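Undergrad: Spelled out, the chains give:
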Amino acid sequence: MMLALGLSIVFALTVGILAARSKRAEGVILPLLDIFQSIPILGFFPFVIFAIYQGPLENFVGANLAVIILIFTSMSWNIAFGVYEAVRAIPQDYADLLNVSQASAWQRIKSLYVPAAMSRVAYNTQISWAVGLFFLVSSEIITSGATKIPVNYGIGLAVVTFASAGDYADYALLVASLIVAVVLWRFLFLREFALWSEKYKMMEEPRDTHRDPIMKFYSWVNHRSISKLFLFVHDSGVTRFTSSIARFRRGLRVAVIIFVAGFLLLVAASVASTGHLSVGSLPSLSEITSTEVSALYALAASFVRVWYVGAISVAIGLPLGVLVSLNFRLYDVATPIFEVISSIPAPILLPAIVLIPVLGQSPEFVAGIVIILSMFWYIVFNVMAGVRTLPADMKDLPRVFKAGRGSAWRNVYIPSALTGLVTGTITGVGGAWNALIIAEYFQVDISKPPITQVSIGIGKMITVATAQQNYLVLFCAILSMTVLIVSFNLVVWRRIYHHVTKRYTYNR
Amino acid sequence: MVQVQQLAAGTTIVTVDNVSLDFFKEGEPLPVLADVSLKAGKDELVAVTGPSGCGKSTLLRIIAGLIKASSGNVKILDSEVTGPRDDISMVFQNFVLLPWRTSLDNVAFGLSSRNDLTDSQKKEKAAQALEMAGLTGFEHVYPGELSGGMKQRVGVARALATDPKVLLMDEPFSSLDDLTAERLRQETYTLLINPQTSVQTVILVSHNVEEIIELADSVVVLSARPGRVKGVLKIDLPRPRNKKSQEFFDWVDKVYSLLS
Chain A
0 MMLALGLSIV FALTVGILAA RSKRAEGVIL PLLDIFQSIP ILGFFPFVIF
50 AIYQGPLENF VGANLAVIIL IFTSMSWNIA FGVYEAVRAI PQDYADLLNV
100 SQASAWQRIK SLYVPAAMSR VAYNTQISWA VGLFFLVSSE IITSGATKIP
150 VNYGIGLAVV TFASAGDYAD YALLVASLIV AVVLWRFLFL REFALWSEKY
200 KMMEEPRDTH RDPIMKFYSW VNHRSISKLF LFVHDSGVTR FTSSIARFRR
250 GLRVAVIIFV AGFLLLVAAS VASTGHLSVG SLPSLSEITS TEVSALYALA
300 ASFVRVWYVG AISVAIGLPL GVLVSLNFRL YDVATPIFEV ISSIPAPILL
350 PAIVLIPVLG QSPEFVAGIV IILSMFWYIV FNVMAGVRTL PADMKDLPRV
400 FKAGRGSAWR NVYIPSALTG LVTGTITGVG GAWNALIIAE YFQVDISKPP
450 ITQVSIGIGK MITVATAQQN YLVLFCAILS MTVLIVSFNL VVWRRIYHHV
500 TKRYTYNR
Chain B
0 MVQVQQLAAG TTIVTVDNVS LDFFKEGEPL PVLADVSLKA GKDELVAVTG
50 PSGCGKSTLL RIIAGLIKAS SGNVKILDSE VTGPRDDISM VFQNFVLLPW
100 RTSLDNVAFG LSSRNDLTDS QKKEKAAQAL EMAGLTGFEH VYPGELSGGM
150 KQRVGVARAL ATDPKVLLMD EPFSSLDDLT AERLRQETYT LLINPQTSVQ
200 TVILVSHNVE EIIELADSVV VLSARPGRVK GVLKIDLPRP RNKKSQEFFD
250 WVDKVYSLLS
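Top to bottom, those sequences are chains A and B.
For the first sequence, numbering that gives the first Met the number 0 assigns the number 0 to the initial residue and increments by one for each residue that follows.
For the second sequence, numbering that gives the first Met the number 0 assigns the number 0 to the initial residue and increments by one for each residue that follows.
Just chain B, with the same shape it has in the complex (with noise of 0.2 Å):
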């Protein structure tokens, strides 16, 4: 649906380089994250991880050009992140839908800086992503009206309507229900490594081990504050991958054993 640059497969997209963040408590320096490099490729899903506090978040928020790094640096292909720009978009824990508009707005929202499309054409994009979500016939409803489930695939119309090169997740399955987030999980990642769509990288975090092993390409293990890098592991296992298969557990203790 979308012109997309032929990339080669494994084509480095997202850089991170020696990313550190400090910030100031009463003038002393509080470091958040210390030296921390990452790789996404082209069609990878690569997962971040690590105990709470570890700043992995923030880590998403700096390549997303929220927050500035007090040194290192974030690129997207060749060119540096220096703020928030068209070809990265974002998927949060809590939905982050605004209650007073509706599903199809709430799309339409994304698409704010889109000043080539007229409100109508936004629309009817919204409406594609919508569909492609899940979610038809449910346009003109409210986010207060939809369960937990329905809201997420609302935030991730929104993050995919816009076209991203570069999917940012923050822990985007951790406030649903086991069922639903199974569920979702599988959807949202047939839908996002899919040269169909635009995403050609997505970075994910999470602090739920087994989603990593059933979803990520690699997953990069941080240290609790400052976050520094412990460990990236390639998960090589084929897909779809069983989750009740005794490689999948192997992996799980891998990651563990690495966390703790």
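Same shape as in the complex, but just chain A (with noise of 0.2 Å):
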């Protein structure tokens, strides 16, 4: 884990560095973080164990690979785009110093370029901390279930072993132990790292009022970023690829690569599989269609899924974040606890919420917990940074014109939140689809059924693939999820997003 947050930010300062002083790097490196943050990691994850595990490093040294790979993918964008963002905003004071001292590449990219993104390292390392523990938990229950010899030591190879093993005691213990390392590691290491990082910011940021990093860390993105985490939106800085023709052609390119990937995986699949590369060896297409008629039906499926929960989810945390913000005293409270409930995992509660009486027997809701617990926080938080946002005069408005509570939430809190609610929603939407692929189907020794399952959708086809090593259900499952979710972003969210932002963002 450590491993893959160091590589990711040595990975992040390279290619944000590069991306935002060299125009050719740009055009290249932006639509590709767009891309690989916008799809759902987990999907491709098969893939990735495929072709290490599969391929030349059949041991638990690929294994443990494979997992080192799929963190730090998911850990690596949002700091990339940090400090691609960081980097892009240096005043051009600054750069004409460094040319008056005629300072070379190293001393430009030592004095200036990494100081001026550490605090953007910062922050973004606390959601992608929380991010990478989700996938670390993920990976390692998949790669156990897909490998025979599985990652020789973690934490969520763990809970599944004692869970399995009806080992509740020792799963009480862990999950209690998960818990207190991740306290101690949000307060000791997290925020003290952002806490340090202060010192190295340029200019004064938009007039803040938190004073807790991590919920400062949100109201930021709040005001641009996430948008970035899962739509093709960009703010002032890259303006060029707002325009329609420009932003077709990103589509475009979008689609080919996409396309061209998921080409070249099957192939490269298929070579793994059967050992020679022949023509032959390709599905037909009818069985292509058969199997994407069937992909769809359960991406059908998990999209009502999805979207109940995160009816469910809104429903519960717009007010939730709202009260919890109006209150100063309430907020000091709660913020901490939402911190550290909000970084356990959600896939390694359930085989605790398997045994919940009567509920825990129904997959479905086994599965809308999960999909809840890994998005509710999004929600919750965005919110929350939304109403903080308010001055004190704002939040005192419906008092001074004695506004009753339904005209305060309608005309006030609500809109106030509106934007948070739409970041909020889209970033859980996006952890919602990586959470199916644990909540709809959970295995853990092939030999035995699984503990969980829902009687259809995609998180569960891809699961099952995946364990069958079924490349062709694994191909058309992962791409007509990635398609759907990439242009629902497009179609959907991003109309919605540029909507509230341009109205409901609070700048006197």
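These are calculated hints, taken from the structure and not from any lab test.
Errors might be hidden in some of the hints.
What the hints assert, rightly or not - Result set (PhoX-like, lysine-lysine): computed pairs, CA atoms no more than 25 Å apart in a straight line:
| hint | chain 1 | residue 1 | chain 2 | residue 2 |
| --- | --- | --- | --- | --- |
| 1 | B | Lys74 | A | Lys401 |
| 2 | B | Lys121 | A | Lys394 |
| 3 | A | Lys401 | B | Lys121 |
| 4 | B | Lys67 | A | Lys394 |
Unchecked claim - To list a few chain B residues with every Cβ distance to chain A over 10 Å, as calculated:
| hint | residue |
| --- | --- |
| 5 | Lys24 |
| 6 | Glu27 |
| 7 | Leu29 |
| 8 | Lys38 |
| 9 | Asn93 |
| 10 | Ser111 |
| 11 | Glu130 |
| 12 | Asp162 |
| 13 | Pro225 |
| 14 | Arg238 |
Stated by the list, open to error - For the chain B half of the interface with chain A, some residues (derived, Cβ under 8 Å), not all of them:
| hint | residue |
| --- | --- |
| 15 | Leu65 |
| 16 | Pro239 |
| 17 | Phe247 |
Because the structure is a prediction, the values reported are computed rather than measured.
Where a beta carbon is used, it is the ideal one built from N, C-alpha and C, also for glycine.
Take the two lone chains and join them into the complex the hints point to.
TA: Below, the structure written as structure tokens:
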């Protein structure tokens, strides 16, 4: 995990600085970053396993490598974006200074670019950490399912092993110690890192009311960056993509890249499984069509699942976020608690959820809970960040004019939370698609029946296909899911996001 | 336009009596305001000034009933202020308009508590207030599309629409550029101190001494941390006041010397 985090930071610095300083690199790197962060990474994990594990490294090194690659992938994009933005935002005066003093490229990197990017690296690391932890646990579980040789040690693996052996005392102990570790890590390292990096800030950030660096991060995200995590939206620094023609061309490029990459993966997979490359080993058209049709059914089922759960999360998360942020005392108490709960990856709780009497027997219920846990906190935190940035006078407004509770919520609180709500939902739904892979089908030992499984769903389809090493199904399922998510982002979210940020952002 | 009780000029409308406020920081009381008293009479504009951190804006919020004083009380005529009330209204430094509502809806929001009015009556009243504030034609524009001066006009219209007796203004012109501020100052004064409106007294918090000499009938000068009344000056310059006259400069000097 640490290794992956270190790698991510180094990678992010390199790529971010490169993109910010070279026009040509920017043209290649930015679209790539966009694609990689809008697709559900977990879906692609099986390919990574096969590519590495089935290929040259059929041992625990390969399995471990696959896990590290996945975590690295999940963590590096948003840090890279942070670096890119920070370096782009360096005032021209500083660049001029270095030109005047004829600094070498290395001196520039060391004395300007890296320090300038530091505070953003620190903030983005915090969210990457939570994301990474989720993927760590999930990927260990998947690896151990897909391969006979498990990742040698790992918390995700241990949780699954204990749970499947019915060793609930050890399981509880393990979850508890994970929580302790998360708390320690967050408060001893991440927070210190964030506070330390404050001194590297170049300019005053927009007026900010958060003392807590984590909330500060969320509020910052609220203003600009999450849009980039899941949408193809860029702010002032990168306006050249905003014209509709450029957007269309980018969309096209994305589609082509996905298609080509998918095709190559399919070929690679069939080579890996059969050991030789021949056209004959590729599946027939009718086979592809029927697989694709079933993938679309599963996708539809999962889409409905994600969205009814999304509706529940919004219905609870919006009022909760608003209430907590309106009350100072409640806010101070609740925030650290929320932070800790939110950084416990949902998949490790699954074995406990199954134990809930009656409801635990319903796979829909279990899947719903795991999905809620993966998206709920994004919504709450983003709503909180939105409401917290309101000036005190604004919060007093309903009192000054004696507005009733209904009117206050309708006119002031809900609109002020809307930007955060949309950002949070976009990010949360992204998390939910990833969570599906665990939530819809959870099996520890291939010889035993799965702990939970829904009747139909894209996550189940992917997990089962991974276990059976059925590349065609895997390919159809993942491609359909990616296309759906990317186009949904482009067509629906993008518009909502634009409208909401234009009208519902408070800047006096 | 509104039924106004006929009160003799000079009748005290707002009485602030020995108001103190302590914040508690880690158990230690931190005095913010200490024994502040002031009076604002009918058709008067009373200015409150002082160095930053003297609690002048806090005092305004105590008068508005938004913050509870640790001791002392505030009265409007004979009734004590215990919370936000219908006959007090406020204009803010940073306008505090809802960006997601048109100027008309923003003003109508000010009428939230008027359960006796239907929505269309509220809008009608809001439109009248906007007209008084000189914003005819801008009813359906969002705050983001208005200039700073126009935003503050919406703020004034919102405050006036509720027919308040007491109008509290918290540095209402300080986030505007000089030219806009100057024009708005004059217009606002004529609008407020005017038998046509319900407003009977105005309390203005400001750190701009020239603005105070231009507008106020009297000025209360507070000291820094905790805010304590250093002096109250009655500004008896005849109106309209000439900002270039010697008397005006003398008054500015007088307030400055009390401030420092």
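Undergrad: Does each hint hold? Answer for all of them.
TA: To see whether the hints hold, each was checked on the structure:
Simply put, Lys74(B) and Lys401(A) have alpha-carbon atoms about 19 Å apart, close enough for the 25 Å limit, and the pair holds. Our distance criterion of 25 Å between C-alpha atoms is met by Lys121(B) and Lys394(A), whose separation comes to about 22 Å. For the hint linking Lys401(A) to Lys121(B), the alpha-carbon distance of about 15 Å falls within 25 Å, and the restraint holds. Simply put, Lys67(B) and Lys394(A) have alpha-carbon atoms about 17 Å apart, close enough for the 25 Å limit, and the pair holds.
Every Cβ of chain A is farther than 10 Å from the Cβ of Lys24(B); the closest lies at roughly 13 Å, confirming the non-interface assignment. The Cβ of Glu27(B) lies farther than 10 Å from every Cβ of chain A, with a closest approach of about 18 Å, so its non-interface assignment holds. For Leu29(B), the condition that its CB be more than 10 Å from all CB atoms of chain A holds, with the nearest at approximately 16 Å. Even its closest Cβ contact with chain A, about 23 Å, leaves Lys38(B) beyond 10 Å, as expected for a residue assigned away from the interface.
Non-interface call for Asn93(B) relative to chain A: violated, since the shortest CB-CB distance, roughly 5 Å, does not exceed 10 Å. Non-interface status of Ser111(B) relative to chain A is broken: a Cβ of that chain comes within 10 Å, the nearest being about 4 Å off. The Cβ of Glu130(B) sits about 20 Å from the closest Cβ of chain A, beyond the 10 Å cut-off, so the non-interface label holds. Its beta-carbon lying about 12 Å from the closest one in chain A, Asp162(B) satisfies the requirement of being farther than 10 Å from that chain.
Distance check for Pro225(B) against chain A: the nearest CB is about 20 Å away, which clears 10 Å, and the non-interface claim stands. Every Cβ of chain A is farther than 10 Å from the Cβ of Arg238(B); the closest lies at roughly 30 Å, confirming the non-interface assignment. A hinted interface residue such as Leu65(B) counts as satisfied when its beta carbon comes closer than 8 Å to some beta carbon of chain A; here the least separation is about 6 Å, so the hint holds. The restraint placing Pro239(B) at the interface with chain A is violated, with a minimum CB-CB distance near 31 Å, outside the 8 Å limit.
Look at Phe247(B): its Cβ only gets to about 32 Å from chain A, farther than 8 Å, so that hint breaks.
Violation of the numbered hints given earlier is confined to hints 9, 10, 16 and 17; the remaining hints are satisfied by the structure.
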